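Below are the chains, spelled out letter by letter.
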Amino acid sequence: MLKLENIQKTFPSGSRTITVLSDIDLLIRARSTVAIIGPSGSGKTTLLGLCAGLDRPTAGRVLFNDIDLGPLTEDQLADIRRDQTGFVFQTFRLLPSLTAKENVMIPAELKGDPQAAARADELLDQVGLSERRTHYPRQLSGGEQQRVALARAFINQPKIIFADEPTGNLDDETGQHILDLLFGLNRDQGTTLMVVTHDHALTERVQSIVTLKSGRIVATRATGHR
Amino acid sequence: MKHAPMQRGWLVRMAWRDSRGSRTHLLLSMAALAVGIAALVALRSFGERLDDAIDQQTLTLLGADYSIRSLHPFSPAVEAFLEALPGDSVRETRFYSMIQFPRTGDTRLSHIRALDGSYPFYGEIRADPPEAAHLFLSDPQRVLIEETLMLQFGVEIGDPVQIGQQTFTVAGRLLNVSGETPATASFIGPRVYLSMTALPQTELLREGSLARFFAHFRWPDASARSIAELRQQHQTQMAELRLEMETAEERKALLGNALDNVYHYLNLGAMVALLLGGIGCAASIQLYARKKRNCVAVLRCLGTPARQAFSIYLTQVGVAALMGTLIGAGLGVALQWAIPWILADFLPVDIDSRWSPAAVGVSMLMGFGLSMAFTLLPLLSLRDIPPLSAVRDDLVPARHAARDPRYVVVLFFLVAALFGFATMHTERATHALLVTGAFMLVFALLTAVARALMALARWMLRRGWSFAWRQGIANIHRPHNQTNVLLLSLGLGTFLLCTLALTQQNLLRQFTAPADEGQPNLILFDVQPEQVPSVTEQLAGKNVDLVETTPIVTMRLTAVNGVRVGALRDDPNRDIPHWVLFREYRTTYRDELLDRDRLVQGRWKSPSSLTELIPISIEEALAGYLSIGLGDRLTFDLQGVQLHTVVRSIRRVDWREMRTNFFVIFPAGVLEDAPQYFAIVTRTPTAAEAARIQQTIIATYPNISAFDLRMIVESIDEILSKAAFVIRFMAMFSVLTGLLVLGSTVATSRYDRLEETRLMRVLGARRAQLNRIMSAEYVVLGLIATLAGLSLALIASWSMAHHLFQMPFRPALAPMLLIPAAITAATLLVGRLLTR
Ligand SMILES: Nc1ncnc2c1ncn2[C@@H]1O[C@H](COP(=O)(O)OP(=O)(O)O)[C@@H](O)[C@H]1O
Ligand SMILES: [Mg+2]
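Going down the list, the protein sequences come from chains A and B. Under the working numbering, think of the first position of the first sequence as 377, with each following residue one higher. Under the working numbering, think of the first position of the second sequence as 95, with each following residue one higher.
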């Protein structure tokens with residue numbers, strides 16, 4: 377599904393360059409679930425961004441379904457994101473002026489899916505928010521907003537979901553509920569899941585855990601979950 | 095694109111959904127621009143209607159198909175010539191004379207017009223009562239008098255009025271004459287109409303009196319061609335008879351020029367409003383773009399192509415700009431009814447109330463184009479938002495906006511549009527460049543001041559100030575500040591208003607100063623030689639300083655170095671102004687030059703023998719016009735006698751001095767026996783004294799005219815304030831736009847500010863303290879903006895005084911204090927009202 381080969385990422389900082397990621401080799405199989413953990417500043421979000429085609433590595437290759445993302449244009453990357461990936465953010469990132477349902481519909485509408493509205497209703501139902509369809513993000517609690525975000529991430533039946541600390545802004549109980557939904561939807565749709573987290577409850581549910589430290593992979597461990 | 099039609103639908107839907115909660119913001123952003131568009135629409139539409147009106151009412155401008163005029167009473171030869179011209183004619187004599195109202199004794203120098211028939215042929219004399227417009231023709235005992243004059247002295251219909259030796263009855267109030275404007279009276283003095291048959295009884299016109307004699311012709315078969323042919327055919331004869339011809343078309347061209355200047359000037363005013371509005375709009379859209387960065391990042395992250403995400407916001411802003419343009423156009427159409435009213439005093443034609451769809455359309459297009467360009471400046475930054483910023487808040491845009499080529503293209507377009515606009519409304523490309531350059535300079539300077547102020551605010555914060563002042567001043571440089579916009583709009587508004595006020599005051603001071611500085615302020619003209627002793631005696635009994643008594647002899651130039659003036663006029667190698675060759679030269683004669691006659695070349699000489707050329711002294715500018723110097727010969731005609739003279743000295747004359755000034759001065763011993771009259775220059779201590787002297791002198795000698803400096807100052811003031819009203823109207827646009835910009839930026843940044851305010855309150859700030867913070871910010875911004883504007887205005891009015899009016903510049907204090915104070919107060923008020 378996703379293959380990283382000898383990735384390096386540096387940023388210019390004044391006259392120096394800082395190396396955020398180096399010597400990253402990683403293989404993520406279809407339908408697998410992977411957690412990326414590590415201390416703050418170790419490069420987890422940067423890695424996620426590279427995998428999702430939001431950013432380009434300084435050196436090395438990212439292969440998405442055997443397609444090298446390197447030579448693709450911005451618009452081609454956007455097409456891949458729209459059709460094959462879903463995103464869940466730590467801070468939810470709903471568009472404040474759109475209702476819950478309209479937020480969920482965006483990726484489907486972008487694709488020109490005539491079933492967008494029906495699919496959005498269905499997904500909102502699955503996350504238990506069919507009553508809140510017409511509500512705006514500011515009328516929803518954090519947990520509810522993240523549920524809308526989940527529905528949005530899954531609406532195009534993506535091949536892979538990227539989640540950056542999806543429970544980071546939520547209390548434990550709400551976080552558990554979100555994880556239930558995330559893994560539930562993941563299982564139902566047979567999606568690959570790559571999730572950055574600090575949350576121990578989450579690491580217990582994934583199949584493998586990658587540990588980053590100072591921009592290098594220091595451990596890759598299978599948990600034995602199915 | 096794969097799903098193009100679907101995508102477009104989605105784009106519009108998305109734009110609509112996403113605009114929820116921002117629609118007021120978007121419309122407010124356009125408010126200031128709408129005002130500029132309104133000004134533009136109104137002016138262009140008005141301009142077209144004005145052109146139409148002038149075309150349709152061409153004949154009323156002159157009141158005749160053509161007119162012939164002379165500086166001399168028509169001789170039998172002239173009469174014979176006029177007889178042969180086609181069409182019916184009416185004779186008119188125009189001159190200046192004092193008139194007196196015996197009931198109160200008030201006197202006033204007036205523009206007397208004697209008619210022997212109904213004129214104007216086209217258009218009318220408007221009077222109250224209407225029939226009074228012709229009463230003076232049928233009843234030579236009656237006259238028609240300027241309404242303002244009657245109001246000034248409380249004169250009623252039926253009251254007696256003395257003109258020269260004759261006492262008339264006031265038949266009615268003169269309201270206006272077709273082809274002239276209500277402001278005419280301010281320029282040429284109050285108009286008085288009487289019958290030609292009554293003219294001799296006044297005994298006002300004597301040999302050498304200054305008057306103009308007209309024959310107005312109605313020639314219904316006239317066409318542009320036939321009139322041109324007529325002129326062609328009689329050109330030489332008219333030149334010999336010293337007659338001038340004017341046609342309705344020529345009058346129209348003359349007037350068209352003058353009105354064009356006003357129109358173009360007003361358009362430049364509209365441009366200022368439009369630019370200010372554009373800047374305000376750009377600032378407001380910048381806030382909007384900042385607010386929407388997150389949305390774009392998320393959309394990009396979800397797979398929206400960059401162009402499409404940008405298009406969502408472009409669509410929103412485009413629709414808002416369109417609505418702003420429509421609102422502005424609506425306002426403009428409404429406003430254009432007001433323009434004829436504002437310009438009423440300067441319009442010699444009636445403007446109907448139609449509006450011009452073409453003009454409205456064109457200005458809407460211009461306004462929309464400009465507003466899009468202005469909003470693109472900040473909006474373009476939305477194209478550069480990387481999807482990565484959705485996961486990473488602190489990400490800075492990859493490129494600096496100013497280096498984006500699209501940004502540069504938009505900026506270039508704006509400058510080109512500015513230059514294009516300036517080209518349309520100035521006469522020469524160099525002027526357009528100058529205007530564009532001046533604007534860019536003022537903008538750059540004000541932006542620099544804004545920058546400096548922000549830096550200063552940052553620096554000042556480190557000092558110990560009270561909490562409110564510190565917070566207020568911090569707001570000046572904090573993100574989302576309004577410093578730039580406010581400095582530009584308020585600074586420019588102040589600049590325009592102050593430049594206007596300072597220049598006006600300076601011009602006025604120039605005329606009022608002599609009255610305060612012991613200079614002469616009352617001149618008696620047309621004093622007959624035999625009247626001089628007794629007038630002098632009368633004046634001696636009063637509290638009056640007799641400054642000088644000067645004889646005046648009127649003559650005409652006939653040849654320069656033996657070349658006749660007609661030949662000089664026809665000489666294509668020379669470009670001597672017509673008036674220099676054909677004017678009546680009012681000259682004087684003296685034993686010695688006076689102290690104030692400043693010689694620049696040669697020496698004053700008295701004639702040594704009667705056979706040689708008469709040595710004369712001429713004025714510097716005249717020498718320049720005629721391209722002559724010492725030793726050149728001028729020939730003058732004095733009632734048929736040829737005077738052969740030679741230039742022996744050249745003088746510099748300060749024409750602004752309230753004296754009798756002369757182009758040509760003769761030595762004593764030549765002109766003593768020529769027909770002449772005297773000018774008596776005096777100084778009276780008070781206005782009341784001046785009025786009393788005029789009353790007693792005019793009562794005894796009605797032929798004497800008085801130039802009262804105070805009166806002249808009054809009419810100049812009147813003219814200037816009328817013109818200033820028009821200018822102020824345009825400057826107010828700029829201030830209004832500035833306040834609207836302030837209003838919209840305050841309103842649109844309110845959410846950011848509200849959060850801050852809430853935080854402050856949580857931290858324990860009281861309502862009064864918060865108010866003080868706001869006040870501190872707006873007072874500082876208002877003061878700095880207006881001070882910057884004032885400084886620029888001082889520079890501008892100083893250079894205008896020196897280069898344009900060529901007079902010393904002394905700034906008046908009142909406008910310098912009042913205008914900045916008023917604008918600062920308005921800023922504070924608007925800011926406070928909106929942040930409540
Ligand atoms: N665009 C950037 N420019 C400069 N430094 C960056 C940029 N993006 C990330 N970094 C740096 O890279 C390091 C890793 O960041 P990140 O991937 O966000 O870590 P994590 O998500 O594990 O907390 C941090 O030190 C961060 O400051
Ligand atoms: Mg992170």
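Be careful, since some hints might not be right.
As the list claims (entries may be wrong) - Facing chain A, from chain B, some residues (calculated, C-beta under 7 Å):
| no. | residue |
| --- | --- |
| 1 | D112 |
| 2 | V485 |
| 3 | L640 |
It is worth saying that the hints were derived from the structure and are not from the lab. Everything numeric in this text was worked out from a predicted model, so none of it was measured. Every residue, glycine too, gets a C-beta built ideally from N, C-alpha and C.
Verification of the hints:
no., hint, in the structure
1, D112, "holds, 5 Å"
2, V485, "holds, 5 Å"
3, L640, "violated, 85 Å"
In summary, the structure is inconsistent with hint 3 from the numbered list given earlier, while agreeing with all the others.
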